[in-house]
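The hints should help you fit chain B onto chain A, whose structure is shown.
2 protein chains.
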Amino acid sequence: MTKRDIASQDATTLETAPTRYIEGHGIRFAYRRLGPATGTPLVLLQHFSGNIDAWDPAVVNALATDRPVIAFDNAGVGRSTGQTPDNVEAMARDAINFVDLLDLSKVDLLGFSLGGCVAQQIAAEHGQLVRKLILVGTAPKGGEEHLLAVLQDAFSKTDAPDPRLPLFFTTSPASQSSGLAFLKRAKVRQDDRDTDNGSAVTDPQAKALITWCATPDPGHAILRAIRQPTLVVSGSHDTMLPASNAYAMSRELSNAQLVLYPDSGHGALFQHHEMFVSHVRTFLDAQPVAA
Amino acid sequence: MTKRDIASQDATTLETAPTRYIEGHGIRFAYRRLGPATGTPLVLLQHFSGNIDAWDPAVVNALATDRPVIAFDNAGVGRSTGQTPDNVEAMARDAINFVDLLDLSKVDLLGFSLGGCVAQQIAAEHGQLVRKLILVGTAPKGGEEHLLAVLQDAFSKTDAPDPRLPLFFTTSPASQSSGLAFLKRAKVRQDDRDTDNGSAVTDPQAKALITWCATPDPGHAILRAIRQPTLVVSGSHDTMLPASNAYAMSRELSNAQLVLYPDSGHGALFQHHEMFVSHVRTFLDAQPVAA
Chain A
1 MTKRDIASQD ATTLETAPTR YIEGHGIRFA YRRLGPATGT PLVLLQHFSG
51 NIDAWDPAVV NALATDRPVI AFDNAGVGRS TGQTPDNVEA MARDAINFVD
101 LLDLSKVDLL GFSLGGCVAQ QIAAEHGQLV RKLILVGTAP KGGEEHLLAV
151 LQDAFSKTDA PDPRLPLFFT TSPASQSSGL AFLKRAKVRQ DDRDTDNGSA
201 VTDPQAKALI TWCATPDPGH AILRAIRQPT LVVSGSHDTM LPASNAYAMS
251 RELSNAQLVL YPDSGHGALF QHHEMFVSHV RTFLDAQPVA A
Chain B
1 MTKRDIASQD ATTLETAPTR YIEGHGIRFA YRRLGPATGT PLVLLQHFSG
51 NIDAWDPAVV NALATDRPVI AFDNAGVGRS TGQTPDNVEA MARDAINFVD
101 LLDLSKVDLL GFSLGGCVAQ QIAAEHGQLV RKLILVGTAP KGGEEHLLAV
151 LQDAFSKTDA PDPRLPLFFT TSPASQSSGL AFLKRAKVRQ DDRDTDNGSA
201 VTDPQAKALI TWCATPDPGH AILRAIRQPT LVVSGSHDTM LPASNAYAMS
251 RELSNAQLVL YPDSGHGALF QHHEMFVSHV RTFLDAQPVA A
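If you read the protein sequences in the order shown, they are chains A and B. If you read the first sequence in the UniProt record's numbering, its first letter stands for residue 1, the second for the next number, and so on. If you read the second sequence in the UniProt record's numbering, its first letter stands for residue 1, the second for the next number, and so on.
Among the clues, some could well be false.
[Claimed, not checked] Footprint (simulated), chain B over chain A, 3 or more residues, beta carbon under 8 Å:
id, region
1, 257 to 265
2, 274 to 288
[As the list claims (entries may be wrong)] Ranges of calculated distance between the beta carbons of each label pair, as one might list FRET restraints:
id, chain 1, residue 1, chain 2, residue 2, range
3, B, E252, A, D153, 18 to 28 Å
4, B, D285, A, H126, 32 to 42 Å
5, A, T211, B, D196, 54 to 64 Å
6, B, K106, A, E274, 19 to 29 Å
7, B, R224, A, E274, 21 to 31 Å
8, B, P218, A, F155, 33 to 43 Å
[Said to hold, decoys possible] Output of the computed footprint for chain A on chain B, the stretches with three or more beta carbons under 8 Å from beta carbons of chain A:
id, region
9, 102 to 111
10, 256 to 264
To be clear, the hints were calculated from the coordinates, so they are not data collected in a lab. The beta-carbon is built from N, C-alpha and C at its ideal position, and this holds for glycine as well.
Same shape as in the complex, but just chain A (with noise of 0.2 Å):
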């Protein structure tokens, strides 16, 4: 912990705690930060599309009630000046660039989705960096996408309150309940509500993680360089970026966990909100089996 995080530390919630910008680098970041001033700060990666306001408090809020956890917008996204770049290179340098600026020297990262790919980057490049990685609903390099097709089925239902639902969960009548209840969980704060994502920002975004699943990475360069322990997490059903994804990245990696949860789509973590914090606790207090 810096002195800079034992300053701002507060006890809010998502839905409560103030945007904050940290300006660096050309860019000036919107960002939350929540929990206790000490302990490994969680730096969250949003999704295709997502602003902060896109977690689920209910993952956010539970996770840190024992660790800081900082959720933010990166370059171009949201609240956040710049760019949004269309490669998750790029994506990576913004998202190092951010963390530099609070001053951060070891994090633990949880990527979703797009998000997931630029967390393997960061791992893969800046291992020093990260203590322990969560990768949720994500893809290898070179994995499989379905982002466009997906999309395209998504917006055909007109009739969906919101295109998440048929997109992050399954047509079960439990997970589309799920689905609502996330819905009506994201969508409490009002007041100094993040700003919606346009074109400007999902075109790169669409770009970039079709790039990075349709780019072979021969031997599995990336996954090989990531030494850290890594908490892998898919739903069984998960349509944009199938749970095939998850497997193979556990078997690739060196010190893998792998959870897949039954009747799910791309939103595991949402309509599983309890499991999915009890299982990333586990994991991020795990100590290291003595060798």
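Then chain B, alone, in the frame of chain A:
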């Protein structure tokens, strides 16, 4: 809970609980009962060649802090009388008879390895008896096993203090060190210790496991018949019953959560015992997501 359970409950450990006996259906079953009087009992189904004292006290005692846990010798095994059958179906009938003798109308099952095959058979055929199911280091009917090759390899390692070191743990220093710690825990009990099994047990058990995996199950009828919430667990590098079995089972079961542990073999639940106990608890305590 039944009158019998409440009358017999005590708060001892696997190492100190008296071995009890209950007789019926022509068999005198040896068992130990730990934990509180109330709650759905968790019945443990043991691996090939194992007896009651082959369970890890670290796992059993931790699980028994907040639920009744019952470890037993199935017919012919350890200090139970009767003949060890050479097929999973008959083992399932014997286990059902044991549960019946204890007057339990609803149980959770934790089946490890061969015990996981037996647990699948019970859950598929006696759905009303089983609340939740935990399958560890096991295979579906028609699945993949390397029992004889792995046993041969393990018994050729004459320098290993116990065949379970090469059988249950990977070659990494961390895994082997966990293996030594497990063996130490499992060998604490001296008085009233369970009887080791000879070929009258292991020969038919080996035949049962090999036959189970060699017999196709068209349309995964057994997995499809299982409707209970199921937690499927495997070590990343299980050489006897590979992790691919666990992944495949989680795809076919209607309501399965999958957990794979890093750098671990067949004994992943003993190596990662704290994590495993946490995951089992989280799974068993989870309320169904409302539809």
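Original post:
Honestly, which of those hints from before does the structure not fit?
Top reply: Of the numbered hints, just 9 does not hold.
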